[in-house]
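**Q** Sequence:
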Amino acid sequence: MTKREAPKQITKKNARLISLGMLALSLAIAFVCVKGMLTPIRYDVKVGEASPATILATCEAVDEINTEIMREKARMETGSIYAIDSVKIGEYKRGAEDFFSGIDKLYGKAAANIPEDADIPASAAQWGETLSASAKAALCSSVSPAIDEASLLAVLSSTDDQLQTLKDITMSKLDTALEAGVSEEGRDGLVSSCTREINAMSAIPSGLKKIAVQVFDAFLKPTLSIDASATEAEHAAAIESVEPIVVKKGQVVVEKGSIVSESQFALLESMDLVKGEDSNTNLTFGVLLITLLLFALFAVYMRFMEKETLSSIKQMAIVAVLIMLSCALAYLTNRVDYRFTPILIPVMLCSLLVGEGTAYALTALLSIFFGIMAGGSGSGILGSHCAVMIICNTISGLAAIFALKQAQSRASMIAAGAVGGGYAALVMVALQLMLKTAFWGVMESLAWIFGSAILCALLVTGSLSIWETLFDVATPARLNELSNTNHPLLRQLMVEAPGTYQHSINVAALAEGAAERIGADPLLARVGAYYHDVGKLRRPLYFKENQKNGENIHDSLPPLESAQAIIAHQKDGVTLLTKYKLPSAVIKICGEHHGNSLMTYFYFKAKQADETVKEKGFRYVGNRPSTKESAIVMMADGCEAAVRSLGDTNSAAVEQMVHKIIWGKLNENENMMSNAPLTIAEISEIEKSFLKTFAGLMHDRIEYPNMEDLKA
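My numbering puts the first residue of the sequence shown at -8, with every later residue one more than the last.
By construction, these hints were calculated from the structure, which means they are not laboratory data.
If you're wondering where the values come from, they're calculated on a predicted model, not measured in any experiment.
Take the hints with a grain of salt, since some may be wrong.
Each computed DSBU-like pair below joins lysine-lysine, with the alpha-carbon atoms no more than 35 Å apart [stated by the list, open to error]:
#1 K572 - K539
#2 K683 - K562
#3 K539 - K683
#4 K570 - K4
#5 K562 - K651
#6 K535 - K598
#7 K396 - K570
#8 K570 - K607
#9 K562 - K598
#10 K201 - K100
#11 K240 - K427
#12 K239 - K26
#13 K683 - K396
#14 K84 - K212
#15 K427 - K64
#16 K4 - K562
#17 K651 - K679
#18 K535 - K572
#19 K84 - K127
#20 K607 - K596
#21 K96 - K212
#22 K26 - K427
#23 K605 - K535
#24 K239 - K266
#25 K305 - K570
#26 K605 - K651
#27 K562 - K605
#28 K679 - K535
#29 K305 - K572
#30 K298 - K562
#31 K679 - K562
#32 K266 - K37
#33 K651 - K607
#34 K539 - K570
#35 K79 - K64
#36 K539 - K596
#37 K239 - K64
#38 K266 - K247
#39 K562 - K539
#40 K572 - K607
Work out the full structure, taking the sequences as your base and the hints as a guide.
**A** Written out as structure tokens, the structure reads:
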């Protein structure tokens, strides 16, 4: 019959490969969730065709086309800015002055055309008869602009005062109009207005009024020119005053069956809601690349900063499950509101089940993932929502991890979640104020962030026992529950094996102090010590501490039988703890607290009767301690029993016995500490801690006098 081969142990290298494989699986799930969140439902729409469905905005977007139309309208309504051209004003005034100067000279020129023996005409009719046609034509064209014959005759028949009045009134009105500014559009109206005013004046003879009108028509010209820079500035101000037309998330962009306009199509394109040949290609590669980069950084961190965790298949399985579960949750919660974040579920569970170092890395990883998912789709992917949620998730996770350091009960986990949510809520308020969000919008964001944190904390607290059982993890909360003396096993030990119970309490005090001193887990060491001897419940009277009245059952038993009964308590304890579903870390301490050491007392007693007796029947069948806590409990167990057996409990005797027991475990041929991750320096610290604890356990008490003696 061949001997059964022992199962091969998984090496650290293989364990890391398996861990990386689980990370790769979680990477795939994360990629699917992130891409699914960022990929909108796209529609086959075209400008001028009916929409196949009612399409809602997936994010806040600006209607660029209609906004541009409104801005152009505002620009057009502003018009142009004009500046008065003083050069032109001077030019027009000089022209009018020259005209009137020519008018003043007409009389002299006309008189030169009259024969010397003829009388000077007095009326317009006489001037008309006296001057030849050629003379009149020459006189009319001698001024610029030329006047007609009627105007010429009116000038020649008018007095100097009448002509001066004509000039003064006409030039005054011309000056006023030119200095005020004449636009191209308003010029004709201004000429008409001046003409009406002249025609209404009695101070000017009716024959001369036409000359004034002619001056207005010739010299009342535009003096305003467009000021390009001022006009551009005015237009820019008008455009700036137009608020962008914003389509809110959830708002209808186009109704089903309605004709898609150019502006609606542009909006849909900006939100990435229009089907195209490469609609998903860029997004897929982008999400894949960022997922690979983030997981690469996470893996590198685990490789160099959390080597032990990376080598633990169980712990990495927890991490992988948390990543997959939380990404799926984020996919669902983001459909409700981007501020409804499940970040505290994976972070708190990782801190409790795996360790805070890994929880920090997981916080950074998932905060970025959840932030990107919160951004939505289209152009909003990396918008303000993304940045806000990355910051809030990171702060929330870090604060919760810090708070969990003090969490020793399930109720305190809710408080830790509240701390994380409180910090995140305050950060959210600050960011919303920076973004100039309205008051009620800020309050709404605060409620979402804090409310989701509390909900996450409740879910973590409620589901923790499932995680503890599923992955066999001893969390502080679970260990604290096990340290309660109302636990059935401890109560049974207290009643049926009181000596063993007291021994376990003392061992726990020794182990807890030593574990804390060397940086091991003091809570695990204490709980492991409480339960390390529960196997004695099967035969409590076989153990010295439970025997009464000096009766020792071993006096009537052969050494081998006695040894077998005592040796069995280590295996019986493992069986009992397994039945009560205690964490494997506690069961391991029970199964290793004697290792495979030799029961020397009964072995040498049997040896005296039979020299051929073998060690095998007198040796424990457990494994040697493989953790710091297990090794500490082994040493504390041996030291407590040995010191209790001392008749003389002075400090020197105790110190000598403790030193002998501890270094005896280390110096035995088989070396009980060979598998324990302890250094010589740590073992020395454990010895010092034991001596300090024994000093407290065995201190002298005041001896009270006899009351009868006092009465006497």
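**Q** For a C-alpha distance cap of 35 Å, please report whether K535 and K598 respect it.
**A** holds (22 Å)
**Q** Need the status of pair K679, K535: alpha-carbon distance at most 35 Å?
**A** holds (27 Å)
**Q** Keeping to a limit of 35 Å between CA atoms, is the pair of K651 and K679 held or broken?
**A** At roughly 13 Å apart (the allowed maximum being 35 Å), K679 and K651 satisfy the hint.
**Q** Holds or violated: K266 with K247, Cα cutoff 35 Å?
**A** holds (17 Å)
**Q** Within a Cα-Cα threshold of 35 Å, do K201 and K100 meet the stated pairing?
**A** holds (21 Å)
**Q** Given the hint that K298 pairs with K562, test it: the Cα-Cα distance must not exceed 35 Å.
**A** holds (32 Å)
**Q** Straight-line Cα separation of K605 and K535 no greater than 35 Å?
**A** holds (25 Å)
**Q** When you check the alpha-carbon spacing of K572 and K607, does it fall within 35 Å?
**A** This hinted pair holds, its Cα atoms lying about 31 Å apart.
**Q** Given the hint that K266 pairs with K37, test it: the Cα-Cα distance must not exceed 35 Å.
**A** holds (10 Å)
**Q** Would the pair K570 and K4 pass a check requiring their Cα atoms to be no farther apart than 35 Å?
**A** holds (33 Å)
**Q** Does the structure keep K683 and K396 at a Cα separation of 35 Å or less?
**A** holds (26 Å)
**Q** Tell me if the straight-line CA distance from K570 to K607 falls inside 35 Å.
**A** holds (28 Å)
Figure legend: structure checked against the earlier numbered hints; every hint is met.
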